[in-house]
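Grab the two chains, each in its own frame, and use the hints to assemble them into the complex.
Chains as they are written, first to last, in our numbering: chain X, 1 to 268; chain B, 1 to 297.
Treat each hint with caution, since some may be false.
If you anchor each label on the Cβ, the simulated ranges turn out as follows [as the list claims (entries may be wrong)]:
(1) X:R25 - B:G165: 52 to 62 Å
(2) B:A96 - X:G26: 38 to 48 Å
(3) B:T270 - X:R138: 26 to 36 Å
(4) X:E122 - B:T270: 57 to 67 Å
(5) B:L66 - X:R138: 33 to 43 Å
Calculated directly from the structure, the hints in this document are not laboratory data.
Ideal placement from N, C-alpha and C gives every residue a C-beta, glycine not left out.
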Amino acid sequence: MEGAVQLLEVANLEVVYHDVVLVLRGISFSVPDGQIVALLGANGAGKTTVLRAISGLLDVHHGDITKGEVRVDGKATHRLTPAAIVDRGVTQVMEGRRVFAEFTVEENLRVGAHTNPDEREENLARVFDLFPVLKDRRKHTAGYLSGGEQQMLAMGRGLMSDPRFLLLDEPSLGLAPLLVQQIRDLIVEINRQGTAILLVEQNATMALSIAQHGYVMETGKIVMDKPADELMRDEDVQEFYLGLGGAGGERKSFREVKHYKRRKRWLS
Amino acid sequence: MTEFLQATVNGIATGAIYGLLALGFVIIYKSSEVLSFAQSGLMILGAFWVVYFSSVLALNFWLAVLLGVLLSALIGVAIERSMLRPMVGKPAFSVAILTIGLNIALTVIGFDLIGVEIRSLGDPWGIQKVEIGQLVVSQKDVATIVASVIVVGALLAFFRYSRFGLAMRATAIDQETALAQGIPVARVFAVAWAIAAGLATIAGVFLGAGTGVTAAIGVRAIRALPAAVIGGLDSIPGAIVGGLIVGLAEAYTVAYQAEYLGFLGQNFSTAVAYVVMFFVLLVRPYGIFGTREVVRV
Ligand SMILES: Nc1ncnc2c1ncn2[C@@H]1O[C@H](COP(=O)(O)OP(=O)(O)OP(=O)(O)O)[C@@H](O)[C@H]1O
Ligand SMILES: [Mg+2]
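Next up, chain B with everything else stripped away, as it sits in the complex (with noise of 0.2 Å):
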């Protein structure tokens, strides 16, 4: 039983991580209609920059994170500005590819600036634990938790009750009438960027939390993709749930299947995640909340 709740406290903090990334894909997807695959550059970009605030420059590690979350934000409009705007109304499929060359090229960028050294970040949790009755859990994932719900809290909030958030939601809806209110949907667009770019800097910062930023949680976050899917493209909550879903499960399998299902290997888990997808997509085509068909080709 202990075991179970450890691995599910640990699949929840990793989830949520997903849920982050997912996030962002999803905005930027019911926003702008681009499927965007930058996600993980952006996120690998973006905890090199707390890292580099918080190790290089030595700053408070709230104030690398604010500055790093910032600064991505910024890289994500110009991104926006300089790749995307230009190819409003080209497929679908050829402005989805061009995301994939952009995630490359954040990549490469970022393992460049990283190193091949482990960057500590300089959190505050390392990789002490906390116990909660008889449940050990690492603070890290305890954090992970706890910044999650704060953030998706603020989020939500803003899409709610805010006046750009609710031009956001509109554009999403409709653009065409959305423009005739006055919104300015190039903003939205760029805005949604700003977002994405921002959670998948959160998202590297608890990634990389307590081992440190390496090459390697790139890797990981290309896991929040059968998240989205999951959830469904175009649904927010649907990008959590996705991202807890796979958390879960991958968190589930390191801790039972060389117990039960040893044939299939060490790093199963690694797979998982596309497993669940492949049996969400079988009942529910557009996923878990998902409404809409995506690309027509």
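The shape of chain X in the complex, shown without the other chains (with noise of 0.2 Å):
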């Protein structure tokens, strides 16, 4: 049974907003444990909608699980509350950063911290470790941050909370092609770590540049799924979602990918 394997499912998940606008229609895929996957689309396509599903956010936006399961390790956790949920090792970090912006950036990581404050200065130490500019920017109003710097306060947020499963939203978008790297490689230090990845994104050459395996979502389903390096290869992928320029470009990213690839751990 599927049950004695660490990681994060989604089953079969369909969801409803305001009772009749039917967005997911059977969604199923898996993250597993210490792995970054993938999850791409169009505009619309629904990938924020299975985050707030995973996450437990979708109340806030009246819609409704109304088939399917989420799954932590075998546990159903679509009925529970976000902070249960977050309580059972998954954290999302919003589409947008969602700073806190009149909170200083220590306040936005003190509250990143609410359902964990026994960890809370291991997890500062860490946070200040892979986000050095936070550590400087401490006492500074979030507010006038960057745009790569709240990226990286919201990031940072949702890892004072020590999740296993870190589900991000577009991480880099809005920002220039430097700071994409450097989110990149933000993301593969914190997976590097040890917190599996679900990775949200319209730029797709960056997230399959280092997820092991890739979703592609169309209108409410997922129409590809595949190893990342194949999704790269694909002609269809290449041509709807990776952008006709910057060929060589993408390829040279691509070969980054083997040299960040880690032994997958299956087992914690």
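Given below as structure tokens:
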């Protein structure tokens, strides 16, 4: 049985908004412990909705799971409160950073530690280690940070709960190429430290360059499900999601994948 | 000059009471976006509990206040759980009306429990005065000011330094993001009501101290609403400042209006809070410290 396996699973998930708008039509995929899994798709495909269903945030948007399950290590979590889901080790970093603008950097991180106050200092040290800029700016007001810094803060805040599964919703959105690189390297490092990552991205090149496995969504369905390197070579994906130009650059980042790939940790 | 200073001390004391009530209103509003008009009802019921513990059970006054505040806080939680929780996501206006009904219910129950007599709180101040230089002020006013400073200071420290206080502020800024961090937002709402009910009880104690608790204190408590509007419905410092402005405006009106604006009648001080509110809103639509639109209809 899958129950013994350490993973985050979404099984046959159907989500409806406002009782009428069917947005997810039977989605299934899994994020094994310790891996990076990319979830790709065009605008409106339903990627964010998948993340909301996992982290329990559908309620806020008048959404409902009408079918299917979300499981962590084989146990259903889709009827739990967001707080209980964070407690099970699943934390979402929402699209658009959503830092508490009037809080300081440190206060933002303290909020992230809400479910895990006992290990706050260790986690704070780890976050400052990953993102030294946050340490330098710890007393600064979060709203005045640059976009890249705010993204780091949002990720750092998510890590304060010491999640086993980190859900990232378009972390590269609106960032300059150099910063996208930096965020990508940070995701790899976070993963190397033992956190599995579900990476939702419009920037498929970036996502596939670090993921082990990728899923492509289209209007509420998974239309492709392949190892990341195969997806990267897939003609359709190249055409629709990787764009036409910059093929040379893509290849380069693809080679880096090999370099970053780690021993899979199926059992922790 | 002495008259002015005395009116000022009196105004600050009354204003502090309005401030405590307005603070409860603001804390509920910031946490849950519910406009609650139940503060005066919570205050009457809370004051009754203190009367009950202090006069009927003959407990020590401070113990009675403590028990009254705790019991009121529990009632606040129960109200939130049973009446407000099912209203999450319902139109803000409907929920506000619901709290008006709740206020009527609490007031009626409170009046019924208090009865027609004046009920003594058994407070240590009575109607005694203290002399500070030439100034003669009532002990109760001094106690009100001191207690309010302590209570507000403790509350601000709670919001600033404690884990749950921070969680409440985070919820006020962005509920969904707070949820995503694992903050139990439902508990934040409940705690907001507990704090509001506790503050209302303390306000009731100081409104009723000295003269005793009567049905009339409920009428005065309603002036906490213009105080909250003046300060800005979503501002904690605003609640205090708004309370003080209303308290001072009333005290000065009582002291000088008969002399200079006698034609306005004898009880104009009861209306002055709304006059001030009118002028503040002309200049600052969201109140002095307020930042956001309240209800978009
Ligand atoms: N609260 C809501 N009520 C109704 N429909 C919604 C709601 N939120 C999202 N939708 C719809 O659900 C569909 C999927 O939205 P979702 O945000 O999950 O897509 P996405 O893949 O994350 O898109 P993007 O790349 O633009 O972020 C869209 O058609 C969207 O309009
Ligand atoms: Mg999205």
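> Cβ-Cβ distance between A96 of chain B and G26 of chain X: within 38 to 48 Å?
Replying inline: holds, 42 Å
>> Range first: 33 to 43 Å. Now tell me if the beta carbons of L66 of chain B and R138 of chain X are that far apart.
In response: Given about 38 Å between the Cβ atoms, the range holds.
> Do the beta carbons of R25 of chain X and G165 of chain B sit within 52 to 62 Å of each other?
Replying inline: Since R25 of chain X and G165 of chain B have Cβ atoms about 43 Å apart, the given range 52 to 62 Å is violated.
> Between E122 of chain X and T270 of chain B, does the C-beta distance stay in 57 to 67 Å?
Replying inline: With Cβ atoms ~58 Å apart, the hint holds.
> Is the gap between the beta carbons of T270 of chain B and R138 of chain X within 26 to 36 Å?
Replying inline: 50 Å Cβ-Cβ, so the 26 to 36 Å window is violated.
Hints 1, 3 from the list above are not met by this structure, while the remaining hints are.
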